Amino acid sequence: MKTRNNLSWKIGGEAGFGIKSAGMMFGKIFMKAGYEIFDYTEYPSLIRGGHNTFHLIVDTEPVNSITYHVDVLVALNQESIDKHFDEVAHGGVIIYDNAKAKLSPAKAKSKKINALGLPLGHLAEQAGNKLMRNVVSIGATLALVDQNLVIANRVVKSNFAGKGQKVVDQNIKALKLGFDYVKKDYKKDFICCLKTIKANDNILISANESLALGALAAGLNFYVAYPMTPSSSILHFLASVAVKTGTVVKHAEDEIGVINMALGAANAGARAMVGTSGGGIALMTESLGLAALTETGVVMVNVQRVGPATGMPTWTEQGDLQFMIHAAPADFPRIVIAPGDAQEAYNVGAHAMNLAEMYQTPVIIISDKLIAEGNTTVPKFSTKNIKINRGKLLKQAQLSKIKDYRRYKLSADGISPRSIPGMKGGLYIANSDEHDGYGFSNEDSKNRIDQVHKRQAKLDTFAKTMPQPEIYGNPKAKKTVIFWGSNKGVLLDAYRRLDKKQQQKIKIMQIKYIWPFPTKFVSNVLKNSKNVLLIENNSNGQLGNLIAQETGIMIKNKFLKYDGRPFYREEIIQKLKQF
Amino acid sequence: MKHTDFETTYKSTWCPGCGNHAIALSMRQALAELNLKPDNVLINYGIGCSSNGANFSKSYVWHSLHGRPVPSAVGAKLANQDLTVLASSGDGDAYGEGLGHLIHAIRGNADITYIVQDNKVYGLTTGQAAPTSNKGYKAKSTPEGIIEKAVNPIGLALANGCTFVARGFAGDASHLKSLIMAGIQHKGFAFIDVFQPCVTFNKVNTFKFYYDRLYNLDKKKDYNNKDLQTALKQSQVWGNKIPYGIFYQGKRDVYGVNLPQLKGQALVKKPVKVRDINNLMKVFA
Numbered sequence: 000m001k002t003r004n005n006l007s008w009k010i011g012g013e014a015g016f017g018i019k020s021a022g023m024m025f026g027k028i029f030m031k032a033g034y035e036i037f038d039y040t041e042y043p044s045l046i047r048g049g050h051n052t053f054h055l056i057v058d059t060e061p062v063n064s065i066t067y068h069v070d071v072l073v074a075l076n077q078e079s080i081d082k083h084f085d086e087v088a089h090g091g092v093i094i095y096d097n098a099k100a101k102l103s104p105a106k107a108k109s110k111k112i113n114a115l116g117l118p119l120g121h122l123a124e125q126a127g128n129k130l131m132r133n134v135v136s137i138g139a140t141l142a143l144v145d146q147n148l149v150i151a152n153r154v155v156k157s158n159f160a161g162k163g164q165k166v167v168d169q170n171i172k173a174l175k176l177g178f179d180y181v182k183k184d185y186k187k188d189f190i191c192c193l194k195t196i197k198a199n200d201n202i203l204i205s206a207n208e209s210l211a212l213g214a215l216a217a218g219l220n221f222y223v224a225y226p227m228t229p230s231s232s233i234l235h236f237l238a239s240v241a242v243k244t245g246t247v248v249k250h251a252e253d254e255i256g257v258i259n260m261a262l263g264a265a266n267a268g269a270r271a272m273v274g275t276s277g278g279g280i281a282l283m284t285e286s287l288g289l290a291a292l293t294e295t296g297v298v299m300v301n302v303q304r305v306g307p308a309t310g311m312p313t314w315t316e317q318g319d320l321q322f323m324i325h326a327a328p329a330d331f332p333r334i335v336i337a338p339g340d341a342q343e344a345y346n347v348g349a350h351a352m353n354l355a356e357m358y359q360t361p362v363i364i365i366s367d368k369l370i371a372e373g374n375t376t377v378p379k380f381s382t383k384n385i386k387i388n389r390g391k392l393l394k395q396a397q398l399s400k401i402k403d404y405r406r407y408k409l410s411a412d413g414i415s416p417r418s419i420p421g422m423k424g425g426l427y428i429a430n431s432d433e434h435d436g437y438g439f440s441n442e443d444s445k446n447r448i449d450q451v452h453k454r455q456a457k458l459d460t461f462a463k464t465m466p467q468p469e470i471y472g473n474p475k476a477k478k479t480v481i482f483w484g485s486n487k488g489v490l491l492d493a494y495r496r497l498d499k500k501q502q503q504k505i506k507i508m509q510i511k512y513i514w515p516f517p518t519k520f521v522s523n524v525l526k527n528s529k530n531v532l533l534i535e536n537n538s539n540g541q542l543g544n545l546i547a548q549e550t551g552i553m554i555k556n557k558f559l560k561y562d563g564r565p566f567y568r569e570e571i572i573q574k575l576k577q578f
Numbered sequence: 000m001k002h003t004d005f006e007t008t009y010k011s012t013w014c015p016g017c018g019n020h021a022i023a024l025s026m027r028q029a030l031a032e033l034n035l036k037p038d039n040v041l042i043n044y045g046i047g048c049s050s051n052g053a054n055f056s057k058s059y060v061w062h063s064l065h066g067r068p069v070p071s072a073v074g075a076k077l078a079n080q081d082l083t084v085l086a087s088s089g090d091g092d093a094y095g096e097g098l099g100h101l102i103h104a105i106r107g108n109a110d111i112t113y114i115v116q117d118n119k120v121y122g123l124t125t126g127q128a129a130p131t132s133n134k135g136y137k138a139k140s141t142p143e144g145i146i147e148k149a150v151n152p153i154g155l156a157l158a159n160g161c162t163f164v165a166r167g168f169a170g171d172a173s174h175l176k177s178l179i180m181a182g183i184q185h186k187g188f189a190f191i192d193v194f195q196p197c198v199t200f201n202k203v204n205t206f207k208f209y210y211d212r213l214y215n216l217d218k219k220k221d222y223n224n225k226d227l228q229t230a231l232k233q234s235q236v237w238g239n240k241i242p243y244g245i246f247y248q249g250k251r252d253v254y255g256v257n258l259p260q261l262k263g264q265a266l267v268k269k270p271v272k273v274r275d276i277n278n279l280m281k282v283f284a
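Read top to bottom, the protein sequences are chains A and B. Note that numbering that gives the first Met the number 0 has the first sequence beginning at 0, numbered continuously upward. Note that numbering that gives the first Met the number 0 has the second sequence beginning at 0, numbered continuously upward.
For the record, the hints were derived by calculation from the structure and aren't laboratory data. Predicted model only: the values in this text are computed from it and were never measured. Treat the hints with caution; some may be incorrect.
[What the hints assert, rightly or not] Straight-line distance between alpha carbons at most 20 Å, and here's what the computed PhoX-like set of lysine-lysine pairs gives:
id	chain 1	residue 1	chain 2	residue 2
1	A	K402	B	K219
2	A	K386	B	K268
3	A	K386	B	K272
4	A	K500	A	K475
5	B	K268	A	K391
6	B	K240	B	K207
7	B	K268	A	K394
8	A	K31	B	K281
9	A	K391	B	K272
10	B	K57	A	K408
11	A	K423	B	K1
12	A	K156	B	K281
13	A	K1	A	K243
14	B	K268	A	K423
15	B	K57	A	K402
16	A	K423	B	K57
17	A	K423	B	K36
18	B	K269	A	K386
19	A	K243	B	K269
20	B	K268	A	K243
21	A	K243	B	K272
22	A	K500	A	K391
23	B	K1	A	K391
24	A	K394	B	K272
25	B	K281	A	K379
26	A	K408	A	K391
27	A	K423	B	K269
28	A	K394	A	K408
29	B	K262	A	K243
30	A	K82	A	K101
31	A	K243	B	K57
32	A	K383	B	K272
33	B	K232	B	K219
34	A	K394	B	K269
35	A	K394	B	K36
36	B	K281	A	K383
[Claimed, not checked] One-sided and incomplete, this derived list gives chain A residues near chain B with beta-carbon spacing under 10 Å:
id	residue
37	V242
38	K243
39	K249
40	I258
We put the beta carbon where it would ideally sit given N, CA and C, even for glycine.
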């Protein structure tokens with residue numbers, strides 16, 4: 000009997016079969032047992048029908064990517080077998096509902112796949128509700144990999160606690176029936192067994208929720224949004240804790256209303272954030288310029304999906320980077336940050352709250368569906384390193400000492416002391432027209448140039464202290480892989496699986512604080528590299544374009560994926576090996 | 000307070016005889032008579048001739064984009080309920096670019112006063128037809144006459160549950176001042192559409208046009224402005240006689256007033272501190 004360090008598990012079926020709910024429970028069960036988790040869902044934009052999957056990687060080591068191959072496929076319908084048979088690993092298992100789907104023994108045998116046709120529906124009905132096929136299959140999988148039901152019972156109980164004792168009991172029974180069926184009828188001669196591991200204090204969380212927590216930790220008190228996949232779970236989570244945290248969370252009429260409410264609140268002194276996807280940002284774009292001209296600090300989150308237009312709304316892509324850097328007419332300062340995983344989303348969410356107030360300008364956080372909706376295990380977040388910095392926000396006593404207060408007074412660092420409405424002696428016009436120091440509309444040549452320079456200076460000030468790109472791997476290596484955002488997980492997971500000799504030849508650069516662009520750092524890295532490989536989830540290599548724009552260096556070697564799917568770990572391992 | 004306490008020294012950019020002068024004066028007088036302090040007043044302007052008044056208002060001012068003064072006003076009021084928050088814009092902002100925001104602010108009944116300076120023309124962009132231009136109105140963008148029927152702002156506000164619906168007239172500044180005072184004192188969304196003759200571009204809806212037609216509901220002894228049906232009926236009156244004054248005033252919970260997070264103290268007056276998130280992570284454990 001072989002022990003294994005990881006398991007790639009996928010459940011498939013129609014929307015309404017409880018695919019996501021099963022996946023979430025499955026993840027929690029293994030997380031509580033101490034394993035590391037990364038999950039990924041595929042679903043069309045509809046509520047019933049269609050084909051849905053929940054793919055989950057269980058590992059004894061930290062994991063932040065999905066594999067193409069699946070060790071155990073749970074097929075709640077025929078489509079799940081037909082669509083995913085090719086992904087099932089040699090020697091893997093397909094658990095399927097033998098009343099709903101067929102799998103020919105010859106086909107299974109061709110890949111030495113163990114075909115477990117179970118009476119999932121029958122067992123679910125026996126437990127009290129035929130809808131519980133998902134829970135029966137969790138029990139069956141747990142038996143396969145030699146886990147017990149202690150933790151699973153606890154997870155199922157807490158998951159269904161809100162639905163009453165009867166539902167809890169039925170689900171616990173469903174779990175046991177699935178578990179016992181496999182224990183009784185199947186010998187542990189395949190797949191078995193996951194190496195046991197010590198329990199830890201991790202949480203299982205998405206980057207959306209992590210970002211929200213980071214913002215909350217750093218004093219977010221005003222969040223406005225209009226639902227848009229895949230950003231909506233930020234809204235849902237913040238709304239669920241709004242009363243508890245004293246945060247105003249508003250679902251506004253449209254994205255233009257969203258950003259203008261946030262700007263009104265931010266100008267009045269709130270720590271405001273908005274969240275949406277690319278299409279929503281497109282609607283907010285004119286107001287992005289308004290934020291910059293009125294010097295109103297606001298955090299805008301763009302959780303990218305596949306565009307343009309409605310595109311593939313529930314799939315993943317990194318197609319908005321250049322849009323975020325250039326959106327809105329004219330030149331103005333903005334900060335753009337791209338976290339690569341849940342922990343970074345938490346850190347960036349907190350940091351952005353400060354940056355918006357310190358630099359009095361919009362701060363854009365750009366992530367994507369892969370990490371925004373996918374959950375991963377991380378140690379509980381700490382607030383130890385978070386400090387509130389409200390920049391040059393004046394206290395009343397300070398403002399009272401200023402004669403002839405000017406909100407947009409010129410200053411070397413570009414940042415002017417700020418009053419907020421309600422303060423005595425701080426009157427000004429937050430003006431969408433070009434304005435003078437008081438905020439009065441002013442179209443004089445010199446004033447215009449002074450104010451343009453003043454606003455630009457803020458970005459130059461930030462550029463002096465901003466975090467520089469991260470380097471992983473061997474910093475001296477001459478082969479350089481460049482990425483941004485969510486590809487961090489798959490790249491680092493793949494890198495760890497290279498042999499030592501290969502690892503020595505490669506360094507990996509992550510550009511996280513993307514705008515202002517860290518030109519000097521990136522130029523130096525590129526000039527000291529012999530081979531460069533760019534990895535992005537878009538069709539044009541947008542970071543590559545940006546690097547060319549800022550450094551004059553063109554990267555020819557690009558590995559791009561734009562079919563709505565994230566990079567599979569196998570693809571990246573192969574690419575790095577060839578590199 | 001004096002009305003001049005609310006006036007800056009910025010030189011006016013309005014045409015001589017423009018209705019905006021009287022509306023701005025009425026706003027300042029209303030604020031002064033209510034003894035509000037400029038430091039505690041926030042006026043959200045749109046973009047257009049009327050919104051250029053942003054520069055003449057001595058208070059906190061948010062000069063937004065075209066069509067957007069209302070959502071920024073709603074956001075500001077949620078953030079600091081202690082402020083007196085007004086929005087002021089033209090009919091292009093209110094009924095063209097920003098119509099959606101207006102209806103939703105009305106639904107929510109946010110405690111702000113919205114003064115729409117309705118001249119039935121696009122003044123700042125040299126006289127094109129506005130959403131409130133009467134059908135057949137000829138202008139640069141509609142040389143054969145506008146095909147659409149005019150928006151009915153009063154009817155729209157009433158139909159969507161606005162709790163204070165009034166129409167003012169720049170030619171009756173003292174009455175307008177009283178309307179604005181009543182609007183500010185009203186708990187909820189106060190909507191005041193103001194007829195504002197544009198002496199440069201609108202040769203139809205002149206001061207005389209209104210003097211010949213307007214009758215004041217506030218002076219009609221038998222008019223009950225607490226009755227929505229009566230108000231709706233009056234909102235449909237247009238032609239030789241046109242009503243102005245308070246069409247309707249009702250009561251409804253003010254937006255946000257029932258939010259526990261806004262009880263006691265304005266949001267922005269609570270200190271910004273590092274928040275303990277330990278309890279918030281329990282759902283992920």
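Status of each hint after checking the structure:
Annotation: proposed proximity of A/K402 to B/K219 is violated, straight-line Cα distance about 51 Å (limit 20 Å). The hinted pair formed by A/K386 and B/K268 meets the criterion: a straight-line CA distance of about 19 Å does not exceed 20 Å. In summary, the hint linking A/K386 to B/K272 is supported, as the alpha carbons are separated by about 8 Å, within the 20 Å threshold. For the proposed pair A/K500 and A/K475, the alpha carbon gap of about 14 Å is at most 20 Å, so the pair holds.
In summary, the hint linking B/K268 to A/K391 is supported, as the alpha carbons are separated by about 17 Å, within the 20 Å threshold. Under the criterion of a C-alpha separation no larger than 20 Å, the hint pairing B/K240 with B/K207 is consistent with the structure, at around 13 Å. Between the alpha carbons of B/K268 and A/K394 the distance comes to roughly 12 Å, so the proposed pair stays at or under 20 Å and holds. For the hint linking A/K31 to B/K281, the alpha-carbon distance of about 13 Å falls within 20 Å, and the restraint holds.
Taken as a hint, the A/K391 and B/K272 pair is honoured in the structure, with Cα atoms around 16 Å apart against an allowance of 20 Å. Of the supplied pair hints, the one linking B/K57 and A/K408 holds, its CA atoms being roughly 18 Å apart against a limit of 20 Å. Only pairs whose Cα atoms come within 20 Å are accepted, and A/K423 paired with B/K1 is accepted, the gap being roughly 18 Å. Our distance criterion of 20 Å between C-alpha atoms is met by A/K156 and B/K281, whose separation comes to about 15 Å.
For the proposed pair A/K1 and A/K243, the alpha carbon gap of about 48 Å is over 20 Å, so the pair is violated. Between B/K268 and A/K423 the CA atoms are separated by roughly 14 Å; this keeps the pair inside 20 Å, and the hint holds. For a cut-off of 20 Å, the pair hint linking B/K57 to A/K402 stands: about 17 Å separates their Cα positions. For the suggested pair A/K423 and B/K57, the alpha carbons sit about 13 Å apart, so the restraint of at most 20 Å is met.
At most 20 Å may separate the alpha-carbon atoms for a hinted pair to count; A/K423 and B/K36 meet this at roughly 9 Å. Distance hint between B/K269 and A/K386 is fulfilled; the C-alpha atoms sit about 17 Å from each other, no more than 20 Å. Taken as a hint, the A/K243 and B/K269 pair is honoured in the structure, with Cα atoms around 15 Å apart against an allowance of 20 Å. Proposed proximity of B/K268 and A/K243 is supported: the alpha carbons are some 18 Å apart, at most 20 Å.
Straight-line distance between C-alpha atoms of A/K243 and B/K272 comes to about 15 Å, which keeps the hinted pair within the 20 Å bound. Of the supplied pair hints, the one linking A/K500 and A/K391 is violated, its CA atoms being roughly 51 Å apart against a limit of 20 Å. About 33 Å separates the Cα atoms of B/K1 and A/K391, which puts this hinted pair outside 20 Å; it is violated. Proposed proximity of A/K394 and B/K272 is supported: the alpha carbons are some 16 Å apart, at most 20 Å.
For the suggested pair B/K281 and A/K379, the alpha carbons sit about 10 Å apart, so the restraint of at most 20 Å is met. For the hint pairing A/K408 with A/K391, the CA-to-CA distance comes to about 12 Å; that is within 20 Å, so the pair holds. Between A/K423 and B/K269, the direct Cα distance comes to roughly 18 Å. Compliance with the 20 Å bound is thereby established for this hinted pair. Restraint check: the Cα-Cα separation between A/K394 and A/K408 comes to about 17 Å, which is no more than 20 Å; the hinted pair holds.
Between B/K262 and A/K243 the CA atoms are separated by roughly 13 Å; this keeps the pair inside 20 Å, and the hint holds. Annotation: proposed proximity of A/K82 to A/K101 holds, straight-line Cα distance about 13 Å (limit 20 Å). Taken as a hint, the A/K243 and B/K57 pair is broken in the structure, with Cα atoms around 38 Å apart against an allowance of 20 Å. Pair hint A/K383 plus B/K272 holds up; C-alpha atoms about 13 Å apart against a cutoff of 20 Å.
The hinted pair formed by B/K232 and B/K219 meets the criterion: a straight-line CA distance of about 15 Å does not exceed 20 Å. With a C-alpha separation of about 14 Å, the suggested pairing of A/K394 with B/K269 holds against the 20 Å cut-off. Note on A/K394 and B/K36: the hinted pairing holds, with a Cα-Cα distance of about 19 Å set against a maximum of 20 Å. A threshold of 20 Å between alpha carbons decides the hint, and for B/K281 with A/K383 the separation of about 18 Å falls inside it, so the pair holds.
The closest approach between the C-beta of A/V242 and any C-beta of chain B is roughly 5 Å, which is under the 10 Å cut-off, so the hint is satisfied. A least Cβ separation of about 7 Å between A/K243 and chain B falls short of the 10 Å threshold, and the interface hint therefore holds. A least Cβ separation of about 7 Å between A/K249 and chain B falls short of the 10 Å threshold, and the interface hint therefore holds. Because the closest C-beta pair between A/I258 and chain B is about 8 Å apart, less than 10 Å, the hint holds.
Checked against the numbered hints given earlier, the structure breaks hints 1, 13, 22, 23 and 31 and satisfies all the rest.
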